[in-house]
Amino acid sequence: QQPVQSPQAVILREGEDAVINCSSSKALYSVHWYRQKHGEAPVFLMILLKGGEQKGHDKISASFNEKKQQSSLYLTASQLSYSGTYFCGAHGGSQGNLIFGKGTKLSVKP
Amino acid sequence: ETGVTQTPRHLVMGMTNKKSLKCEQHLGHNAMYWYKQSAKKPLELMFVYSLEERVENNSVPSRFSPECPNSSHLFLHLHTLQPEDSALYLCASSGQGWGTEAFFGQGTRLTVV
Chain A
48 QQPVQSPQAV
58 ILREGEDAVI
68 NCSSSKALYS
78 VHWYRQKHGE
88 APVFLMILLK
98 GGEQKGHDKI
108 SASFNEKKQQ
118 SSLYLTASQL
128 SYSGTYFCGA
138 HGGSQGNLIF
148 GKGTKLSVKP
Chain B
142 ETGVTQTPRH
152 LVMGMTNKKS
162 LKCEQHLGHN
172 AMYWYKQSAK
182 KPLELMFVYS
192 LEERVENNSV
202 PSRFSPECPN
212 SSHLFLHLHT
222 LQPEDSALYL
232 CASSGQGWGT
242 EAFFGQGTRL
252 TVV
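Residue numbers (my numbering), protein chains in the order written: chain A, 48 to 157; chain B, 142 to 254.
Bound conformation, chain A alone:
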């Protein structure tokens, strides 16, 4: 079952923060976050595993609440290079079964 992402789109000024949410109606074993720029392949950002962990990568971090079956991606002090579509991928434990949400389009303006 496809995870639900919110918001669908967000526009930021450089330096502003944003949060992208991903929720699933099914139990999650892991949540993957990817960013895709126009005309390019999705690029891996991070994986969060079952256990409620939080991860960070430069000014992009994420949390995973397995009880709520939710993950959030936090972008702080956004840069122009953060623009793109962010996808969360939910892994329900089935072998090789990574289902992506519809994506959140992030636009960072100068």
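By construction, these hints were calculated from the structure, which means they are not laboratory data.
All figures in this text were calculated on a predicted structure; none of them were measured in a lab.
Don't take every hint at face value.
Said to hold, decoys possible - Pairs of lysine to any residue, SDA-like flavour, derived with a Cα cap of 20 Å:
no., chain 1, residue 1, chain 2, residue 2
1, B, 182, A, 49
2, A, 114, B, 240
3, A, 84, B, 247
4, B, 160, B, 223
5, B, 182, B, 227
6, A, 149, A, 70
7, B, 177, A, 132
8, A, 84, B, 179
9, B, 182, A, 57
10, B, 182, A, 83
11, A, 84, B, 250
12, A, 152, B, 180
13, A, 149, A, 90
14, A, 152, A, 123
15, A, 84, B, 144
16, A, 149, A, 74
To be verified - Computed from the model, here is a short list of chain A residues facing chain B with C-beta under 7 Å:
no., residue
17, 88
18, 89
19, 91
20, 96
21, 147
22, 149
Unchecked claim - Just a sample of chain A residues kept apart from chain B, beta carbon distances all over 10 Å, derived:
no., residue
23, 60
24, 70
25, 115
26, 119
27, 123
28, 126
Think of the CB as a built atom: it goes at the ideal place given N, C-alpha and C, for glycine as much as any other residue.
Model the placement of chain B on the given structure of chain A, informed by the hints.
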């Protein structure tokens, strides 16, 4: 460069044609995927191969036929496609299990005329 190579990058085909998309990875991964990405639609999982065996087929029409001859190569054979099949077809690979990241190829932009 992600280590996953797709060819061709662009393909225009008629509805009666038969063509194949190719995906190759030398990352040592043993799971490979085909995704379809249309305008305004999410990444739709089409096929998953794990250890060269098809694990999942998400009700994809039979005009799409995957083939995985070995763990490094994945094909998508196309025949009698419809215009609505025009999309970006992405291949990805990963290690086993749900804790490993997927690496995507650049995709094949398919146009059915």
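Against the structure, the hints:
1. Distance restraint check for residue 182 of chain B and residue 49 of chain A: the Cα-Cα separation of roughly 12 Å lies within the 20 Å cut-off, and the hinted pair is therefore satisfied.
2. Taking the CA atoms of residue 114 of chain A and residue 240 of chain B, the gap is near 18 Å; set against the 20 Å cutoff, the hint holds.
3. Among the hinted pairs, residue 84 of chain A with residue 247 of chain B is consistent with the structure: their alpha-carbon atoms are about 11 Å apart, no more than 20 Å.
4. For the proposed pair residue 160 of chain B and residue 223 of chain B, the alpha carbon gap of about 13 Å is at most 20 Å, so the pair holds.
5. Between the alpha carbons of residue 182 of chain B and residue 227 of chain B the distance comes to roughly 12 Å, so the proposed pair stays at or under 20 Å and holds.
6. Straight-line distance between C-alpha atoms of residue 149 of chain A and residue 70 of chain A comes to about 12 Å, which keeps the hinted pair within the 20 Å bound.
7. Of the supplied pair hints, the one linking residue 177 of chain B and residue 132 of chain A holds, its CA atoms being roughly 16 Å apart against a limit of 20 Å.
8. For the suggested pair residue 84 of chain A and residue 179 of chain B, the alpha carbons sit about 15 Å apart, so the restraint of at most 20 Å is met.
9. For a cut-off of 20 Å, the pair hint linking residue 182 of chain B to residue 57 of chain A stands: about 17 Å separates their Cα positions.
10. Pair hint residue 182 of chain B plus residue 83 of chain A holds up; C-alpha atoms about 13 Å apart against a cutoff of 20 Å.
11. Our distance criterion of 20 Å between C-alpha atoms is met by residue 84 of chain A and residue 250 of chain B, whose separation comes to about 15 Å.
12. Taking the CA atoms of residue 152 of chain A and residue 180 of chain B, the gap is about 13 Å. The hint holds against a cut of 20 Å.
13. At most 20 Å may separate the alpha-carbon atoms for a hinted pair to count; residue 149 of chain A and residue 90 of chain A meet this at roughly 16 Å.
14. Straight-line distance between C-alpha atoms of residue 152 of chain A and residue 123 of chain A comes to about 16 Å, which keeps the hinted pair within the 20 Å bound.
15. This hinted pair checks out: residue 84 of chain A and residue 144 of chain B have alpha carbons roughly 18 Å apart, not beyond 20 Å.
16. Annotation: proposed proximity of residue 149 of chain A to residue 74 of chain A holds, straight-line Cα distance about 19 Å (limit 20 Å).
17. Given the 7 Å rule on beta carbons, the hint for residue 88 of chain A holds: about 4 Å separates it from the nearest Cβ of chain B.
18. Annotation: residue 89 of chain A was flagged as interfacial toward chain B, and the flag holds, the nearest CB pair being 5 Å apart, inside 7 Å.
19. Against a cut-off of 7 Å between C-beta atoms, the interface hint on residue 91 of chain A holds, since the closest Cβ of chain B lies about 4 Å away.
20. Given hint, residue 96 of chain A at the interface with chain B, holds; its Cβ is 6 Å from that chain's nearest Cβ, closer than 7 Å.
21. With 7 Å as the threshold, the beta carbon of residue 147 of chain A comes within range of chain B, its nearest partner Cβ sitting at about 4 Å, so the hint holds.
22. Interface restraint check for residue 149 of chain A: the shortest CB-CB distance to chain B comes to about 4 Å, inside 7 Å, so the restraint holds.
23. Residue placement check: residue 60 of chain A keeps its beta carbon more than 10 Å from all beta carbons of chain B (closest about 26 Å).
24. Chain B leaves residue 70 of chain A outside its interface by the beta-carbon criterion, the shortest separation being 15 Å against a cut-off of 10 Å.
25. Against chain B, the non-interface label of residue 115 of chain A holds: every CB pair exceeds 10 Å, the least being about 18 Å.
26. With 10 Å as the threshold on Cβ separation, the claim that residue 119 of chain A sits away from chain B holds: the shortest Cβ distance comes to roughly 19 Å.
27. At roughly 22 Å, the least C-beta separation between residue 123 of chain A and chain B is larger than 10 Å, which holds for a residue marked as non-interface.
28. Distance check for residue 126 of chain A against chain B: the nearest CB is about 22 Å away, which clears 10 Å, and the non-interface claim stands.
Of the hints listed earlier, there is not a single one the structure fails to meet.
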